[in-house]
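Colleague: Residue numbers for the sequence shown follow the numbering used here, so the first one is 6 and each next one is one higher.
Hints are computed from structural coordinates only; laboratory data are not their basis.
Glycine is no exception: its CB is placed at the ideal position from the N, C-alpha and C atoms.
Please note that a few of the clues may not be correct.
[To be verified] Taking lysine to aspartate or glutamate and the DMTMM-like style, the derived pairs with C-alpha atoms no more than 25 Å apart in a straight line are: (1) K34 x D17; (2) K7 x D17; (3) K23 x E40; (4) K23 x E89; (5) K48 x D21; (6) K81 x E40; (7) K34 x D62; (8) K81 x E53; (9) K7 x D92; (10) K69 x E89; (11) K19 x E89; (12) K48 x D62; (13) K19 x E40.
[Claimed, not checked] Listed next, with one range per pair, are the computed distances between beta-carbon atoms: (14) K7 x M71: 14 to 22 Å; (15) S85 x T44: 32 to 40 Å; (16) K19 x K69: 16 to 24 Å; (17) K49 x R80: 27 to 35 Å; (18) K48 x G22: 12 to 20 Å; (19) L8 x R78: 12 to 20 Å; (20) G22 x Y105: 31 to 39 Å.
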Amino acid sequence: MKLYICTLGEFDIKADGKSLLKDSSRMYKIYRLFEYFLTFRNKKLLPETIIDNLLSDSESDDPKNMLRTQIFRLRKVISSVIPEGEDGEQYLNLSFTNGYY
6 MKLYICTLGE FDIKADGKSL LKDSSRMYKI YRLFEYFLTF RNKKLLPETI IDNLLSDSES
66 DDPKNMLRTQ IFRLRKVISS VIPEGEDGEQ YLNLSFTNGY Y
């Protein structure tokens with residue numbers, strides 16, 4: 006399976022020519038988070054910065070927990086797309102170290 010990520014113009018992720026984003030409006034926040042991590046790859050990101058940029062419109066009592074939950078879900082989505090037997094960290098490594106993602 007080939008995965009194509011279009012970042013110019015409208016953001017889209019395609020697997021075998023079929024859009025993964027157009028079929029699932031429920032996962033909009035997760036895909037926005039994925040787009041954010043792609044845009045700022047190889048940079049240290051504070052959780053507060055991510056919350057301010059992506060989740061500021063959400064009315065949550067615990068935005069950091071909400072972010073952790075969204076990242077957990079994003080990791081599950083990524084692992085479901087990665088071919089079996091492959092190391093997921095070579096595709097995208099979302100780790101939390103010393104207060105940064």
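Colleague: Confirm or reject each hint.
Modeller: Results for each hint:
For the proposed pair K34 and D17, the alpha carbon gap of about 14 Å is at most 25 Å, so the pair holds. Taken as a hint, the K7 and D17 pair is honoured in the structure, with Cα atoms around 14 Å apart against an allowance of 25 Å. Straight-line distance between C-alpha atoms of K23 and E40 comes to about 18 Å, which keeps the hinted pair within the 25 Å bound. Restraint check for K23 and E89: satisfied, since their Cα atoms lie roughly 20 Å apart, inside the 25 Å limit.
For the hint pairing K48 with D21, the CA-to-CA distance comes to about 29 Å; that exceeds 25 Å, so the pair is violated. At roughly 16 Å between alpha-carbon atoms, K81 and E40 fall within 25 Å of each other, so this suggested pair holds. Restraint check: the Cα-Cα separation between K34 and D62 comes to about 11 Å, which is no more than 25 Å; the hinted pair holds. The suggested pairing of K81 with E53 holds, with an alpha-carbon distance near 22 Å, which does not exceed 25 Å.
Pair hint K7 plus D92 holds up; C-alpha atoms about 16 Å apart against a cutoff of 25 Å. Taken as a hint, the K69 and E89 pair is broken in the structure, with Cα atoms around 31 Å apart against an allowance of 25 Å. As the CA atoms of K19 and E89 are separated by approximately 18 Å, the hinted pair is consistent with the 25 Å bound. Proposed proximity of K48 and D62 is supported: the alpha carbons are some 24 Å apart, at most 25 Å.
In summary, the hint linking K19 to E40 is supported, as the alpha carbons are separated by about 13 Å, within the 25 Å threshold. At about 33 Å, the beta-carbon gap between K7 and M71 misses the expected band of 14 to 22 Å. A hinted range of 32 to 40 Å for the beta carbons of S85 and T44 is inconsistent with their spacing of about 22 Å. Judged by the Cβ atoms, the range 16 to 24 Å given for K19 and K69 is violated: they are separated by roughly 32 Å.
A C-beta distance of roughly 18 Å is found between K49 and R80, which places it outside the suggested range of 27 to 35 Å. Here the CB-CB span from K48 to G22 is close to 31 Å, at odds with the stated 12 to 20 Å. The hinted window of 12 to 20 Å between L8 and R78 holds, with their beta carbons roughly 18 Å apart. One distance hint, 31 to 39 Å for the beta-carbon pair G22 and Y105, holds here, with the actual separation near 36 Å.
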